[in-house]
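2 protein chains.
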Amino acid sequence: MTPIGIIHTDFKSKKGMPIQAKTSPDGKGRIELLDRYVDGISDLEGFSHIILLYVFHLSEGYRLKVKPFLDDEKRGLFATRAPNRPNNIGLSVVKLEGIRGNIISISGTDMLDGTPLLDIKPYVPQMDNRENARIGWLEHKIHMMENTCNDGRFGG
Amino acid sequence: MTPIGIIHTDFKSKKGMPIQAKTSPDGKGRIELLDRYVDGISDLEGFSHIILLYVFHLSEGYRLKVKPFLDDEKRGLFATRAPNRPNNIGLSVVKLEGIRGNIISISGTDMLDGTPLLDIKPYVPQMDNRENARIGWLEHKIHMMENTCNDGRFGG
Numbered sequence: 023m024t025p026i027g028i029i030h031t032d033f034k035s036k037k038g039m040p041i042q043a044k045t046s047p048d049g050k051g052r053i054e055l056l057d058r059y060v061d062g063i064s065d066l067e068g069f070s071h072i073i074l075l076y077v078f079h080l081s082e083g084y085r086l087k088v089k090p091f092l093d094d095e096k097r098g099l100f101a102t103r104a105p106n107r108p109n110n111i112g113l114s115v116v117k118l119e120g121i122r123g124n125i126i127s128i129s130g131t132d133m134l135d136g137t138p139l140l141d142i143k144p145y146v147p148q149m150d151n152r153e154n155a156r157i158g159w160l161e162h163k164i165h166m167m168e169n170t171c172n173d174g175r176f177g178g
Numbered sequence: 023m024t025p026i027g028i029i030h031t032d033f034k035s036k037k038g039m040p041i042q043a044k045t046s047p048d049g050k051g052r053i054e055l056l057d058r059y060v061d062g063i064s065d066l067e068g069f070s071h072i073i074l075l076y077v078f079h080l081s082e083g084y085r086l087k088v089k090p091f092l093d094d095e096k097r098g099l100f101a102t103r104a105p106n107r108p109n110n111i112g113l114s115v116v117k118l119e120g121i122r123g124n125i126i127s128i129s130g131t132d133m134l135d136g137t138p139l140l141d142i143k144p145y146v147p148q149m150d151n152r153e154n155a156r157i158g159w160l161e162h163k164i165h166m167m168e169n170t171c172n173d174g175r176f177g178g
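Protein chains in written order, with the numbering used here: chain A, 23 to 178; chain B, 23 to 178.
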């Protein structure tokens with residue numbers, strides 16, 4: 023795995039940052055794509071949203087049972103979106119605001135400034151959305167998402 | 023990046039397999055999680071759908087302009103879901119059918135038998151879905167998704 027670019031945001035430290043892209047509509051950012059990949063983003067501007075896969079580059083180690091941001095009970099790591107994982111890959115759907123050369127302007131960011139980008143995929147509801155999903159332990163916690171920020175529980 | 027398990031499906035070769043999980047509701051499969059990660063899947067069974075990140079392990083090389091499955095025109099690679107990418111990470115939302123020990127039964131599979139699994143995240147519509155998304159070049163092609171299979175254009 024080798025970064026294809028760097029994501030720049032206003033989030034310089036974990037504490038206080040959004041826990042999900044969905045709760046960060048005002049979070050601006052820009053992707054600085056490595057020049058050699060620029061041909062790969064033609065046709066991208068027709069999409070309003072893109073899926074970013076990136077490295078949680080400041081995550082160190084992981085535990086298989088964690089207290090996720092939205093709960094005080096320990097949950098299985100893979101039943102959470104916690105950033106400290108065996109393969110520390112982050113996934114966010116962000117809004118595509120514009121492209122100029124190798125710079126992709128985005129909003130709805132929830133990643134740290136300087137995050138190494140691994141992949142961009144177009145977000146396609148007809149491929150990515152599922153109806154009537156059950157969300158397990160989150161069912162009674164999801165209402166708190168809007169008002170919950172990173173409190174540093176997975177490292178500062 | 024190191025696999026946390028292996029995904030077993032009925033798809034032994036690329037040609038003829040589904041191009042998206044969404045078009046493969048009958049595609050059964052099972053994840054054989056490495057024993058040392060089993061504690062990480064507690065609480066997962068409450069979720070009806072899970073996001074799998076995995077390696078397109080038989081993808082070899084990539085081009086920055088490709089003819090995607092749903093088009094005959096060349097498009098920028100990052101504006102497509104083509105499997106041959108600089109970082110060959112696949113993303114599928116599948117249905118969770120059940121868990122027994124380290125075996126996770128799934129359906130709605132669109133990956134090859136033997137695919138190395140990198141991560142499992144719970145699928146949460148309130149986090150992952152976006153409304154009113156524009157889908158660029160796919161707008162006039164998406165209706166063909168249901169009836170399109172992998173024709174081997176990215177390798178056999």
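You may find that some hints are simply not true.
Pairs count within a copy or across copies, as identical chains cannot be separated in the list.
Stated by the list, open to error - SDA-like mimics (lysine to any residue), calculated; alpha carbons at most 20 Å apart, straight line:
| # | residue 1 | residue 2 |
| --- | --- | --- |
| 1 | 37 | 127 |
| 2 | 87 | 67 |
| 3 | 96 | 64 |
| 4 | 96 | 59 |
| 5 | 87 | 60 |
Source of the hints: derived by calculation from the structure; they are not laboratory data. Keep in mind the model is a prediction, meaning the values are calculated, not measured.
The hints, checked one at a time:
no., hint, result
1, 37 / 127, "neither (24 Å within a copy, 37 Å between copies)"
2, 87 / 67, "between (40 Å within a copy, 15 Å between copies)"
3, 96 / 64, "between (44 Å within a copy, 10 Å between copies)"
4, 96 / 59, "between (41 Å within a copy, 15 Å between copies)"
5, 87 / 60, "between (40 Å within a copy, 10 Å between copies)"
Hint check: a violation occurs at hint 1 only; the rest are consistent with the structure.
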